[in-house]
Structure formats: structure tokens, C-alpha cells
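Here is what each chain is made of, one letter per residue.
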Amino acid sequence: MDIATIIGLVAAFGLIIGSILTGGSLTSFLDVPSMMIVVGGTFGVGLISFPMARVLSAMKVAINVFRYEVPDISEQNTQIIEFADTARKEGILSLEGSLSSIEDDFMKRGVQLLVDGIEPEKIEDLMYDELEGMETRHGTGAQIFETFASSAPALGLVGTLIGLVNMLQNMEDPSAIGPAMAVALLTTFYGALLANVVFTPVAGKLRIRHQEELQAKALVVKGLMGIARGENPRILAQQLEVELPPSQRSDNG
Amino acid sequence: MDIATIIGLVAAFGLIIGSILTGGSLTSFLDVPSMMIVVGGTFGVGLISFPMARVLSAMKVAINVFRYEVPDISEQNTQIIEFADTARKEGILSLEGSLSSIEDDFMKRGVQLLVDGIEPEKIEDLMYDELEGMETRHGTGAQIFETFASSAPALGLVGTLIGLVNMLQNMEDPSAIGPAMAVALLTTFYGALLANVVFTPVAGKLRIRHQEELQAKALVVKGLMGIARGENPRILAQQLEVELPPSQRSDNG
Amino acid sequence: MDIATIIGLVAAFGLIIGSILTGGSLTSFLDVPSMMIVVGGTFGVGLISFPMARVLSAMKVAINVFRYEVPDISEQNTQIIEFADTARKEGILSLEGSLSSIEDDFMKRGVQLLVDGIEPEKIEDLMYDELEGMETRHGTGAQIFETFASSAPALGLVGTLIGLVNMLQNMEDPSAIGPAMAVALLTTFYGALLANVVFTPVAGKLRIRHQEELQAKALVVKGLMGIARGENPRILAQQLEVELPPSQRSDNG
Amino acid sequence: MDIATIIGLVAAFGLIIGSILTGGSLTSFLDVPSMMIVVGGTFGVGLISFPMARVLSAMKVAINVFRYEVPDISEQNTQIIEFADTARKEGILSLEGSLSSIEDDFMKRGVQLLVDGIEPEKIEDLMYDELEGMETRHGTGAQIFETFASSAPALGLVGTLIGLVNMLQNMEDPSAIGPAMAVALLTTFYGALLANVVFTPVAGKLRIRHQEELQAKALVVKGLMGIARGENPRILAQQLEVELPPSQRSDNG
Amino acid sequence: MDIATIIGLVAAFGLIIGSILTGGSLTSFLDVPSMMIVVGGTFGVGLISFPMARVLSAMKVAINVFRYEVPDISEQNTQIIEFADTARKEGILSLEGSLSSIEDDFMKRGVQLLVDGIEPEKIEDLMYDELEGMETRHGTGAQIFETFASSAPALGLVGTLIGLVNMLQNMEDPSAIGPAMAVALLTTFYGALLANVVFTPVAGKLRIRHQEELQAKALVVKGLMGIARGENPRILAQQLEVELPPSQRSDNG
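Residue numbers (my numbering), protein chains in the order written: chain S, 8 to 260; chain Y, 8 to 260; chain A, 8 to 260; chain G, 8 to 260; chain W, 8 to 260.
Which copy is meant is left open, so a pair is good if it fits within one copy or across any two.
Here are the computed lysine-lysine pairs in the DSS-like style, where the Cα-Cα straight-line distance is at most 27 Å: (1) K96 <-> K129; (2) K115 <-> K229; (3) K229 <-> K129; (4) K96 <-> K115; (5) K96 <-> K229; (6) K115 <-> K67.
Hints listed in this document are in silico derivations from the structure and should not be mistaken for laboratory results.
Here chain S stands alone, though its shape is the one from the complex:
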């Protein structure tokens, strides 16, 4: 569970609603047609820009922004070092027995390839190709939210222009000008809000989550290659930990 996202959203929206209530009422800021043009239009632009399957999967991916667990790299490293130990003592084939205990599919496929006796270079190529495919697929999520983030203010502008043109065509009643202009500005308000408080930061967090995942998986490849080379488990442990912050390393001596 990623509490930061929730705290961030609650804080930002809370402050904005508070600011609205300080100077007026919330109802002046709710206008269903304005919302529809910004939200619906942004979603429509998303469908023109991306294949439908990707837009739908981005929605699913976005939920991960809330329920997410940071990959536990030290646990993953411990498991790899154990495999390296076993493989050194009893041979790589002996890892077959541990296959069922591996939860992560990516690592499982890699160990399976090791056990199958495929040459290490080919395993490395296969695993990096799989990572690359993952990078393209998962990266689209952030990309779609970035597209939403640039479309929302544009549709806000379109909505405001519609409101302004309508207002300018009917200026007989001066007292109606202010409220009409207020409504015209609402789409710009929605666009700025959605883009800057929802879409851009969600895209940012998706991108970071995605990087963390790829880094963890790259360590799996590094570890399995070390096992295939028959690397000394102590040195392999250093190689796997060296990118972590010093505080998270197990060997401090």
C-alpha cells in the first residue's frame, strides 16, 4: 500500500477545496458539462492516440499506484546467493528442486533455463529481451498518463474558448457577463487540476515504480549469470549489493 500517493492526493485536494470554501461555495465549481468536455475529451484523445487495449491496461496499471509493494531486493539477493551456494556445492542441476519455491516468474524462467543447460550467453540474451519487452509494455502506462496530462489543459482551453465565444455573442445583460465568464473558466480550472495534480504525478510514480521493477529484474539476470559462471557466492553478494545504499548492504566489513 503506497500511503504517500494517498496522503499527497488528500492533501492537495483538501487544500484546493479549502481554498474554494474560503472565498465562495463548492457548487460554483461544479459544472457537469464542463467536466464532461475535459474528462471525456481527454479520454477520447487517449483513444485516438493509443490502441484501445493499451488505454484499458493503463487504467489497470494506474491502480498499482495505490497498492504497491517495493520489490524487496535484499530478500531477492539472499535467494540468489543461496542458489549460488547450492549450485557451487551440488552443481547447477541441483537447482531444479528449488524451482517450485521461486515466486517471481521472471526468476523462475531464468533458473529453468539454467537447469535446462542452455548456454549462459543465450540465457542472458533471452532474459534481456524479455526485460526489453516488459519495458515497452509497462512504459506505455506512464506514457498514456503523460498524454492525458497534456490533453486535459488543451481541452480546458477549448472549453473556455467555447464559453467565451458564447458569452461575447450575448452581451446585452451586463450582469450576466461575470457568471458566464466564471463558468467559461471552469474547464481551464478542471484541465489544470487534472493535469497537474492527477495525471502528471501519477505518470511520474508509474515511471519510478517501473524503473525499480526493471532494476530488480536486472539484478536477477546479473545473479543468474554469476551462478552460471560459478562465481564465488561472497563476491556475487558484493556485486548484487553494490548498487544499494550502504545502509541496506549486508556486508559492512
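Please build the complex by placing chains Y, A, G and W on the supplied structure of chain S, with the hints as guidance.
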């Protein structure tokens, strides 16, 4: 047929028209001279920026945004694996008989080169050079729409400035100011609409389609090189599938 | 002669002038001091940004946007294949006789190096270094127009601010405010027009022309290296044509 | 202690406060709800965009902008050259005695690896991997401030739109319009101020500090590799100093 | 002496002053507090963004924009070819006598290394590392002016917002609104002027000068490596000249 593009366009334009009708009439938003300066000017800028042949071909390419079939990579992979099987059992020359059954020109040329006995490295170079040429040519489509997307709002601004200057020169009749300003804003409205709801998303989808096509073709090169090396078809299948999402892979064991 | 550029310019300026005439008179849009600040200022910024020799040569290069002939790659390829044929049958030295028939200086220097018996690797290095020098020199043309394109609206803004400040200092006569503001907006109008309808698209076409030229020259290097290696002319022809669109290739079998 | 940062902040804020006092009073520019929406909202967006641990560590890192000591590269070089001397005369193992005198943890770990007899290529890989991890971790600090810098004006705009809509809904009292609009503009003012005078320049300095640190550490790797190769200390000194400005080099002959 | 920079500055400022005088008086455009907030604030932001030493050295570097001599590459090449000739006939050691005649420090250090008998690969590494250090140091000059260029309009906006808020708080006297707004706009005017007519173009010229210098120095490395390899001076001349425009090459046959 790419339904997402059509749904997206219908949804976005539907919501915009709905929003116009809520506050006024559609006729206030139709102004032929304003349309001409934005649409015609954008097209003119396209012709100054790009050679004519490319602008015309971009128009043709844009239609592909609507009628498009995702390349079926698993079918393509199946065919390559079959070739690998045949080549392993009966020799690469035996692929000559299958040449007529290959629909994709790119793959056909590659298999022809294999059958001709050209060295694999040269085949790889030739095929990658062909891909590169394809990348340049097809990429121009998206590039032209991106140019349109940045020109349209600029011409919208030019049009609005013309309207404003004309209006400011004739301010005797105060009641005419509002409608004159409304008309002046229409070019900005058209520019924002075309750029954000048509040109930018169409460029986005062209770019994605183009990437999918190049990825499919790169797999063909990878496959034919595997055949040339006499790669084990089972391993080759893994190499070709590893970039696909797990759900689309044939081997799950 | 590049007709697209001329059609584009005529169309864009025609539509803009038409739009001006629809709502007012052309004379309201002509203001010599405003033009001087935008055009002269932009040119001044160009001189601060770039060495004088480059600014002047960019002016010359810009004319190429109008009178330009696409390099005829198939003709160039035919000549290279002929040379490959001759070199294979009669030796590379026999190319000396053809030197005088080569029009393109770059190719001529390359063939001269071949005939001089310089090692192929050195020839390749020399030719690529020459291409790199060309890339830097010719690329500046587009770069200068891009600088113009970003300076013109900035000077337009500066001009409009001058007009606004002057207007705001003298607001005794309300009837003078409109026309004064109209004049103030003219520099923004000129800046937007020059940047978006002239400088940016001219920079775009210069860049594309430049790329086409470099690609044609890179094929010359590829071809001469093939000759130096004694490559089979039929295969060399394929290597040279493979980046062209299928319709322009000579071998379709 | 980095005095430039403090002088810069004092100068910029001093001039801004001076400018406020010239034309009005400071109290017109203090509005707690406006500050809360900009500052709180920006921080909220930071929490949605980044994992909480990183946002908190960025706060700590930002303090380094004030208390910072430029890494003393010539002192570091002197130490490395001494080690090279000792290693050449008494063998690499003799460096064990100097381990306790090394203050920098990164260099200490490197020398430890040398003394442990790990192969130089592995040491180089380990140290570069550690540098890469450091690059990712420390780079986030600047990245978060850049995110703040782009969020603050966006939240300023949102706040101003809220103020404008509220004002436009209540235009009965003309004398209240001016002050209401003044308050509405304050969030834009805060956003512009924070983004341009605090967040962007702090991000800039963090990035430069970070680069200087990485360059110093890369010299450590270069030096230790020279020691492992048994490089002549005089030449090693030149290799370490060559990137410094001539004035900071010890050998001028 | 770089006349283009001076002509450009005189032309741009001349036209701007002319434009001011056409519609008003220069005194309306001079406001010391407005200047201080833009100029002082921009400098303050520079100090927060960069270490003080770099900001001060950027000031010195900026003067080079005016007094600059294009590196005379053909003279430099002539000297290198002479050295190649001497080295070929009398051995590399014989270059020791020419050391005192070399004006450029970079070339001098390179020839010294050659004479010292250091291996060519190490000399190449040393010289490229020195070039890299130079690139980082000298590149900061342009970077600081680019930072100034983006800060100046931002501080202009901050100043204008201060003026607007002050004006909106005191709207009792309608005749004071115009002049107050005029003054408020002056900071935007200064910011736009400094950014677009001074900082951005100066950064541009610094960057180009810097590139020319690096290219000249890279030719020195290329030349000394040719001497170390004992390259034929005629071929070396070609290698050094090939990146120059054809008109500046000595060998046209």
C-alpha cells in the same frame, strides 16, 4: 479496423458539439474565412516544411489510422518456426518451395536471400538497412502531423491577431465589439481543436503503429538469422516469443 | 525547382491577406517601425548568436529552399555499379579514366583515393570525416533559421510591450486607445507570422534537404567501399538499393 | 559552507521585498490560504510523484546546498599517488596498513578490494556499479526539486482560477473587484517566486554538486586501476590531473 | 575582435530605442527599482544555481564574445604537417627543438608527451581527457547565460505581478491606473529584452566558439597521433583538412 480511433474522435467531437449547444448555437462557431486561414495555412506550412511527395503520402498514411490490423506476431512466429524445422531437416535450400506461400514482402526477400546462399552477416546487414530505410520513410507521416499540430495553433493566433487589430481600429459601435471579438477567437478555437484533438493524437497513433510494424519486422530478421545459424527450433521459438507478454506465449512450461 | 515551397508560401500568405481584407484594410497591417523592430531585431539577434560568415551563408543556403533538385539516387547507384563492374574486370586502377566523367566532387575525391591506392579503411575514415564536416557546416543553415524563429516572436513581444507602455502612459483620449493597442499588437502579429509561416518551415525544409544529401553521400561511401572490397556488383546493387522504397528499386526479382 | 547560495537567496528576496515596499505594503502580499494551496499543494504533488522515502531524503539533501564543501581533488590525488608509490615499492598488500587512514568510504572499499586481491576488472565493475547506484539515488534530489519547480506555478494558476471564479460570481460591489483580483493573483505570484527563485536554482546546484562528486569518485576508480596495473606514479599523476584546469595542476613542467 | 556581436547588439538596441522614441519618451522606460529586481534577481538566481567561482568566470568568458579570434586551423595544420615531416626525417625526438616555438599550450603538452616517449595510446587518452575537462569547464559559461536567459523573464513576471497587486489594491484614482500598469509592465519588458537580445544570443555564441575551439584541439590530437604512427605527411594533411570546407583546403588536386 481500428475502432478506438473512431470512438475517440466521435466522443471528443460529440462532447465539444454538445458543450457548444448547451450555451449557444453551432452557427456562431462556423466561420468559413476563419477555417480557411487555419486549415489552409497549416497545410501551406506543411508544404513549405516538407517535400510535396511526403505531404501527399502522409495523407494516405493517415487513413491507415482508421483501417489497421495489428501485425499478428504469433502467426508470423509460427511460420518462422516451421521454416526453421524444415531448414534443419531438409536444408535451407528446401525453403525455396515455401517462398510463394509468404505474404509479407520483407520476409519473402529475406528467405530468398537465405535460399540464394548469401552469407548470414550480409543478409542481416541488408535487412537492417531495409528496416532503417522503412523507419525514415514511414516516420515522416507522424512527423508531418506533428508539424501540423504545432502550426495550427500558431495560425489560430495569427487569425485572432488579425481579428483583434481590425476590431481595435473600429470601436465606434460598442455593441459590435463583443461579436467581433467572438469571431476573432474562432481561429484560436479551430487551431486548438485541430492540434489537440486531431493532429497530435493521429501523430501519436501513427508512431505507435509504426513501432509495432518495426518490432514485427525485427523479429523476422532475428528468426531468419536463427534459421541461418541452424538454431534449435524450440529455442528459436523461445527467442522470438520472449518479448511478448506472458499471456501470448505458446510455451508455458 | 521546389514548387511545394512556393505553393505553400503563396497559399499561406494569400489566405492571411484574404482574411485581413475580409475585415479591414491591408494598410492597418502595415507599419514600418513595427516591421523594423521585428525583422531588424531578429537579424541582430542572429548576428549576436552566430559568427557573421555563417549568418551570411545561411541567407545563401535559404535560396536553395526554392531552387533544389532532389539527388537522383538511382542514377548515382547506376554509376557506382558500373564502376564496380569495371573495377572487377579491369582492376581498380582502370577507374582513373572515368574520373573526368564524375560530376559530384565528393564521389570524385573518393574514386581518386581508390585509384591512388590508399587503404580502404583510410578512405572510409577520410570520407566520413568529410561528411561530418559537411554535416556541421550545412546544419548551421537550419539552426540559424530556428534561431530566427524563436527570436521573432520574442521581439514581437518586446515591440508590443513598448506600444502598451506608451499607450498606458497616455490614456487621456479614450478614442485613441483602440488604434494605439492595434498598432502595439502588430509586432506580435509580425513575429508570429515570420516565425511560423517563414522561419520554422524554411528551417524544416533545409533540414530535410540536408538529410537527403547526407544519405546520398553515405551511399557513395558504401558503394566505393564495396568496390574496394571487390564486392559482386549484383550484391552491391542490392546493398545500395535496399534503403530505397520498393517502387524505386531496379531489381524486383 | 556555500556562501553563493546564501548571497543569491538574500539578494533575490531582498530585491523582491524592496520592490514590494516601493509600491505598497508587505501585508498585501501575505495571504495564508494562498500560501497553503501553493506550498502544500506542491508538496502533495511531490508525494504523489515520488515514493515518500525519496521526498523526505530530498529535504535532507537540500540542506547540503547550504553546507557543502567542494571535494578537494588535489588532496585526493596526492593520496592516490602516495598509494601508487607505496604499492610499487612494497607491493599492493602493503596498502592494508593505510586503510584506516582513508576517510572517504568509497575509496576505502576500493583499496580494500585491491588488498583482498580481487581481479582489477571485477573491482572496476564493482566500483562503477556502486557509482551508478549513487547516481540514481543522489540524482533523485534534483529531480524532486525540478518536479516542485513545475508544480508550483501550476498550483499558482489553480489558485488564481479559484479566486477569479469566486470574484466573477460576485461582482455586485465594483470596489471589491480590484482587491479580490489582487488576492487571486497572489497564488500565481507565490508559484512564480518559489519555482524560479527557490526550486529551479536549488535543483541546479544539487545537480552540479552531484556531478562534482561523481567526477571525484570516477578519478578514484581511475587511480586505483592505475595502482592495480602498476602504473608509473608520475604518469598516473598526469592522468589524474589532466582534467583539472591548468592552474590546479601540480606538474607544470 | 568579433564585429558581428557588436553590430548585432547595436542594431537590435538601436531599433528598440528608435521604436520607443517613435511613440513616447525614453524616460518612461527607465525605472531603477524595476531594473534592480530583474537584473539583480537574475544574478541572484545565478548564484543559487551555480558555484560562485563559475558565475564569476562566466562573466570573464562573456567578454570573449567581443574580443575573439577564430582559431586559424590552416596555420595550425601547417605546423603539424611540418612536425610530421621533421619527425619522419629526423625522428620524433628531434621535435624537442621546436617545443619553444609552439604557442598553443595544449599542442605543446602533446608534443612534449611525444618527445618524452610516452606510448601513443596513453597520449591520446591524456589529451582526450584534457579536452573533456575543458569541455565541462568552458561549457559552463554558455550554461550560466542560458540560466540567466530563463530567469530574467521569470523575474520580469514576478515584478509585474508585484506591480499589478499593488495597483489592484489602490484603484480609487482611475487616472493612476494606466501609468501604474505601465510601470508594472516594465519588468516584463526588461526580462524579455535581456533574455532574448542579450543572454540567449550570448550563450549561443559562447557555445559556437567553444565548439570551434574543441574541433581545433581535436585536430591537434589527430595530427599528433598521425606523427606518432609515422603517417605519410601528405596523407596526414588530407586527414586534417578533410573536415574543412573545400575552399579552405590546400590540396585541390
